[in-house]
Amino acid sequence: EDQVTQSPEALRLQEGESSSLNCSYTVSGLRGLFWYRQDPGKGPEFLFTLYSAGEEKEKERLKATLTKKESFLHITAPKPEDSATYLCAVGGTSYGKLTFGQGTILTVHP
Amino acid sequence: SQTIHQWPATLVQPVGSPLSLECTVEGTSNPNLYWYRQAAGRGLQLLFYSVGIGQISSEVPQNLSASRPQDRQFILSSKKLLLSDSGFYLCAWSVRDTSTDTQYFGPGTRLTVL
Numbered sequence: 001e002d003q004v005t006q007s008p009e010a011l012r013l014q015e016g017e018s019s020s021l022n023c024s025y026t027v028s029g030l031r032g033l034f035w036y037r038q039d040p041g042k043g044p045e046f047l048f049t050l051y052s053a054g055e056e057k058e059k060e061r062l063k064a065t066l067t068k069k070e071s072f073l074h075i076t077a078p079k080p081e082d083s084a085t086y087l088c089a090v091g092g093t094s095y096g097k098l099t100f101g102q103g104t105i106l107t108v109h110p
Numbered sequence: 001s002q003t004i005h006q007w008p009a010t011l012v013q014p015v016g017s018p019l020s021l022e023c024t025v026e027g028t029s030n031p032n033l034y035w036y037r038q039a040a041g042r043g044l045q046l047l048f049y050s051v052g053i054g055q056i057s058s059e060v061p062q063n064l065s066a067s068r069p070q071d072r073q074f075i076l077s078s079k080k081l082l083l084s085d086s087g088f089y090l091c092a093w094s095v096r097d098t099s100t101d102t103q104y105f106g107p108g109t110r111l112t113v114l
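Chains as they are written, first to last, in the working numbering: chain P, 1 to 110; chain H, 1 to 114.
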């Protein structure tokens, strides 16, 4: 059974204070690892898909990296508008199905 | 570009009443479609997925059902709601028959069962 564990559950940062979110996973045959951002009361917004260990992707202040056991979402010089819940998910051998972690609630104070 | 719609946005229903939530996708053909439930604003639980018209797979046994009457329409239903059915319901789509499973989510429906 595919499993995803995200840490920490909640993270409070000061504006400009860089940090990382962790996503540890176990999966039989990784088809992709996905990061989403979710604002309160809204649907998750797609950020990145990573397919193989060593891959990195960037978008504005966010950078996602992938190893064989975990993924990190690095946030550089965050701003208050980066406050949201960040969700990680993996796609395994079951085509089309994703397993989600519980998310990390990020709060950035001005 | 592709767009996914869900309605209603919010719904308050009494226990034992029926339910019908609708999801439609624009700008793509033959998508995979998914229904998720999210409790307490955290992890997503896959309820149903569909790879084509009339083809529905259920992931979690419950009093909910799903139907796909048209290629880009996905409906979540219940004959009698339970208190435990309260939650945030999300519809998602992905491109069929590709090497990627990237799913794109709709705005969600907040259901409260009283």
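Since the hints were derived computationally from the structure, they do not count as laboratory data.
Ideal Cβ placement from N, Cα and C applies to all residues, glycine included.
Fair warning: there could be bad hints in the mix.
[Unchecked claim] Under the rule of at most 20 Å between Cα atoms (straight-line distance), these lysine to any residue pairs were calculated in the SDA-like manner:
1. P:K79 / P:K97
2. P:K97 / H:R37
3. P:K97 / H:V51
4. H:K80 / H:L114
5. P:K97 / H:K80
6. P:K42 / H:K80
7. H:K79 / H:V60
8. P:K97 / H:G52
9. P:K42 / H:Q45
10. P:K42 / H:I56
11. H:K80 / H:V60
12. P:K97 / H:V113
13. H:K80 / H:T102
14. P:K42 / P:T107
15. P:K59 / P:K79
16. P:K42 / H:G43
17. P:K42 / H:P107
18. P:K63 / P:S94
19. P:K42 / H:E26
20. P:K97 / H:I56
21. P:K79 / P:R12
[To be verified] Which residues of chain H face chain P? A partial, calculated answer using Cβ under 10 Å:
22. Q6
23. Y34
24. Q45
25. R72
26. Q103
For the pair we were handed, K42 (chain P) and P107 (chain H), check the Cα-Cα distance against 20 Å.
holds (5 Å)
Under the criterion that the straight-line Cα-Cα distance not exceed 20 Å, is the pair K80 (chain H), L114 (chain H) satisfied?
holds (12 Å)
Sort out whether I56 (chain H) lies within 20 Å of K42 (chain P), counting only the CA atoms.
violated (25 Å)
So if I understand the rule, the pair passes when the alpha-carbon distance is 20 Å or less; does K79 (chain H) with V60 (chain H) pass?
holds (17 Å)
Is K80 (chain H) within 20 Å of T102 (chain H), Cα to Cα?
Given pair K80 (chain H), T102 (chain H) is violated - Cα atoms ~33 Å apart, limit 20 Å.
Are the Cα atoms of K97 (chain P) and K80 (chain H) separated by 20 Å or less?
Distance ~28 Å between K97 (chain P) and K80 (chain H) Cα, so the pair is violated.
Checking one constraint from the list: CA of K97 (chain P) to CA of V51 (chain H), max 20 Å. Satisfied?
Measuring from Cα to Cα gives roughly 11 Å; hence the hint holds.
K97 (chain P) and V113 (chain H): Cα distance at most 20 Å?
violated (28 Å)
Measure nothing beyond the straight line between the CA atoms of K42 (chain P) and E26 (chain H); if it is 20 Å or shorter, mark the hint as holding.
Given pair K42 (chain P), E26 (chain H) holds - Cα atoms ~19 Å apart, limit 20 Å.
Quickly compare the C-alpha distance for K79 (chain P) and K97 (chain P) to 20 Å and report which way the hint goes.
violated (33 Å)
Mind checking the CB of Q103 (chain H) against every CB in chain P and telling me if the closest is under 10 Å?
holds (6 Å)
Min Cβ distance, R72 (chain H) to chain P: is it shorter than 10 Å?
Cβ of R72 (chain H) sits 16 Å from chain P, so the hint is violated.
Comparing the model with each earlier hint shows violations of hints 1, 5, 6, 10, 12, 13, 18 and 25; every other hint is respected.
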